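First to last, the sequence lines map onto chains A and V.
Residues 10 to 501, numbered by our numbering, are exactly what the first sequence covers, in order.
Residues 896 to 1510, numbered by our numbering, are exactly what the second sequence covers, in order.
It is worth saying that the hints were derived from the structure and are not from the lab.
Mixed in with the good hints, there may be bad ones.
[Said to hold, decoys possible] Here are a few chain V residues that sit away from chain A, every Cβ distance over 10 Å (derived from the structure): (1) R904; (2) R922; (3) Y933; (4) R936; (5) D938; (6) A941; (7) D1110; (8) Q1116; (9) T1135; (10) M1320.
[Claimed, not checked] Taking lysine-lysine pairs in the DSS-like style, the calculated list, with each CA pair at most 25 Å apart, reads: (11) K1308/V with K1398/V; (12) K1087/V with K995/V; (13) K67/A with K311/A; (14) K387/A with K1102/V; (15) K1141/V with K1102/V; (16) K1199/V with K157/A; (17) K1199/V with K1132/V; (18) K1398/V with K150/A; (19) K1163/V with K1494/V; (20) K156/A with K905/V; (21) K387/A with K1132/V; (22) K1163/V with K995/V; (23) K1494/V with K1439/V.
[Stated by the list, open to error] Which bits of chain A does chain V cover? Going by a derived footprint, with three or more residues having C-beta under 8 Å, they are: (24) 267 to 273; (25) 480 to 494.
Everything numeric in this text was worked out from a predicted model, so none of it was measured.
Ideal Cβ placement from N, Cα and C applies to all residues, glycine included.
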Amino acid sequence: MKRTMEQETGSKGIFLSIDWITILLYVILIVWGWFSVCGACYDFNNPDLFSWETNSGKQIVWGGSSLVLAAVLMLIEKRFYDTAAYVIYGALMLLLMVTIVIAPDTKGSRSWLPITSSVKIQPAEFAKFAVALALGKLMDKYGFNIKKPKDIGIAIALIIFPMLLIIAQKETGSALVYFAFFLMLYREGMTGSLLFCGFACVVYFVVGMKFSQDYIANMPVSIGEFSVLMLAMIFTIGMVWTYCHNRFAVRLMAAVCFGATLLAMLFSLFVIPFDVCYVMLGACILMILYIIGLAIYTRLYKYALIALFAIVSCSLFYMSSTLFAHLADHQRTRIEVLLGMKDDPRGAGYNVNQAKIAIGSGGLTGKGFLNGTQTKLKYVPEQHTDFIFCTVGEEEGFVGSAGVLIVYLFFIWRLIIVAERQPDTMGRVYGYCVLCIFLFHLFINVGMVLGLTPVIGIPLPFFSYGGSSLWGFTLLLFIFLRMDAERNLKRQ
Amino acid sequence: MKNHVYENRKFIIGGIALVIVLCYIVRLAFLQLSDGEYKSRADNNAFFNNIIFPSRGVIYDRNGELLVYNQPAYDIMVVMREVKNLDTLDFCNTLGITKKFFDERMETIKNTNKNPGYSSYTQQLFYAQIPAAEFSIFQEKLFRFHGFYVRERTIRRYATDHCAHILGDVAEVSQKEVDNDDYYDPGDYIGKQGVERSYEPELRGVKGVQILLRDARGRIQGHYRNGALDRKPVPGKSLTLSIDAKVQALGERLMEGKMGAIVAIEPKTGEILCMVSAPSYDPHRMEGKQRGTQMMEMQHDPMKPMLNRAIAGTYPPGSTFKTSQGLTFLQEGIITSSTSYPCSRGFRYGGMKVGCHGHGAPLPLIPAIATSCNGYFCWGLYHMLSNRKNYKNIQEALTTWKDYMVSMGFGYKLGVDLPGEARGMIPNAQFYDKAYKDSWNPLSVISIAIGQGEVTLTPLQIANLGATIANRGYYITPHIVKGVEGGHIADSLKEKHYTKVEKQYYEMIAEGMRKAVLGGTCRSANNSQYAVCGKTGTAQNRGKDHSAFMGFAPMENPKIAVAVYVENGGFGATYGVPIGALIMEQYINGKLSPASEAKAASFQSRHIDYGTRAR
């Protein structure tokens, strides 16, 4: 009798504890997404938006079934995930492996499993929640310490393994999403310098590639090479300053590196023009040798790591140029177009160019529902899936598209708040996994439509057409909301 | 178990999200709130303006006889993507083309350098302007040629063998015309010459447009806003010319083998009844696809058949000009009806001699016109230019003279509604000051009194002189279009232009011209049924004299004024007078008498040998 009472107050408590704000934002996004799909999928031969024959009609079914899925997920207790996290992880890894073998070739990738003749699912969309659960379970374990190389190693392995499987399915875009988990690791205490190193690599690559063919004044000095070496010096010296607090070393290195560079520049400018980069490279090598010396002398492994960073920094530019030269033509063109080195509106830049036209033509308030010509007439390839944001931009204009972004921002902020209020590590880690995935999708998807990030084929959550992604995101979110609803219950 | 150590990192993650969203909103603002460039690019992508061509107005003569009409022609279109299992041999045989042509044509269509708008999903022009007869054979087999379609267009057809210069022709617009007028797009047709050109806005109508939505592959997906912004084409207006097709046909017959022009005007209205320029050409040569080659051929012909000599040829008017001189001298008080001047086989004064033929002398104005006395008019001009009572100096005298000429429609374009009109030449005082370096006297310029020297007129201006005398003092700008369907001709074509000479003096000149027919130089123009007035002209030039005639009939209430100009035809009486007489008879009686018919036949067969010299 007493137990029943407890259960009742428990379930009532759970109902009261459900985060209705997140659910409201979720419903807003799904409905808004459906209107966009209508515009993107408009078929002149079949203008009935609710017909099963059209994508907009199907999307209603996907949306409705997602709500059912959400309701079911709210019934599954957290205890279940706690128990089954590794089993679920294992099962989905198995599914990913099987998919590589049995999935038919769809546009070059082997990631879609046919369920019936017209319904296909993409296991990669569902693997994310399994990884998030497994990470939560792992990090909730008593004694887990992210600073311990073994512990962080396991965590990273849990992330890398599905990535490799998905890359093997030739779905590189979906695999890249798993980088989002590193942001969660950062929240959990992973050192920020790793994130900084990743950021530095991207900066080196972009600056180095984009300006590799531009020259300073009338000297044979490539702006790209010069900037990368300059940044490498600044970053390295900055790291010594931040992590080692060795003022003498910082002053010495700064004097040598910048002094040599300045002198070389003046010589090249007024006496004989020559490639200043050789001098800079020489200075960098001296600097690296000096840091290695410091590492040996002080026996501080920090110096060794900084030296490693400096070596990678200096060599990255040359490695990436070599790599770049060995890329397939279409890949190279794609990178060149992205970096703005090439204008190719008919080839690699076609999608992005047409997407920009679609969005730009929307103006302040857009052309109105179903009045977007760019999207309705299929000028933007993949516009109902990866390029769905074009339809928002064209039909709803600046007001609508900025509105979508702001709703997303609220959504992510709300998830941060909800994640932070979790009583245990599992809930918080899982919550951060969820929000980081949403953030990554938003960043890459909208960025590529706006021509700011590379064209990586990943969907915009709740907007892009498709059952797999919608179910995948619903699954991800509602497991977390159920966990959150249990936050006030004592652990049994 | 809360992890408080790193809780502040939630702000960094939230900050990252905020920065991303803010960056994207700024980017959106740049794309969406800047200029309309993206909007117009989207419109260019999506809207396909399907032009619907209106039918061009047809052209009739003054009696309602059809001269120009439209005939459907068919363009064969191809949609590359749909072409399959084509029996190329059968296809080529049906169209009457070779396999080689077929292959080349298909290659050209697919070449996006030569055909920038190419899409394998849309209709591309394969073969233009198949006449209806050939098309019917093709149509029977069309169902077998997958991917081939037919587009209807119209081509201009001529129901007459005459009037080539008047009617002009129609062809594709040039790039310059496209640049100058927003109405035209490349590939449109435009009137190039004749009334087709001068009445282009009336004839062409207004193009209609359907605004269609075109998808990324070039396929049409429907009407924009269900056709709310579509426009229907407005058909072109038909024209009624003032030309009498029968008179025109007779004129062209009479001018066969000769160079020159005939212009006939209805004096009361200024309507041009016939306008012949010889040599002419068959307007059928300008029909359809052959136009280009035919044009080239004619442009290289030394006889210049394309030139409309009636309005663009400038000739010395010869003695027909004497009428205008008599009028000027009378009005200026230099002479009266009774003033007589001597003529001893010409004008002789101060070593100057202008020859004349044998006639009684001295003589007054009316017989001087009738016998076309050179001496009389040279003396008249001499006295006018030497008159220091009326004019301060010779410049002022000549300026006065020039003003009279200009008031009669000389020296400037009359403003006929046809392209290519020349203005002719009436010299002014400045001209002679320059030519003679300020030292000239009446004798220097005396030959202008008899329509020689620097004076040149177009045949139209000579005919207009005849019309002015017929009207006894005014003319209406000669025009070729009598009416525009559902509209009016310009008011400027109805105004009376009075000359500086009073009506009473015109009566005298008309009487002189009547005398010329009854007993002077124009005797062969006499007709027992109506009173003809006429004036010959024999214009000297480097070759054989030009034969000219200017006249009108009947003397009272004139119906027709005519100018005939036959290059190197000799005396005015040789060609000018009889041709003019036949034109008058045809128009006034509606037919030629048997005797006149025989005369016409003999003139038709009398050709003048111009040699091979380029004109």
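* To do: Output the numbers, in ascending order, of every earlier hint that fails for this structure.
  => Of the numbered hints, 1, 2, 3, 4, 5, 6, 7, 8, 12, 13, 14, 15, 16, 17, 18, 19, 21, 22, 24 and 25 do not hold.
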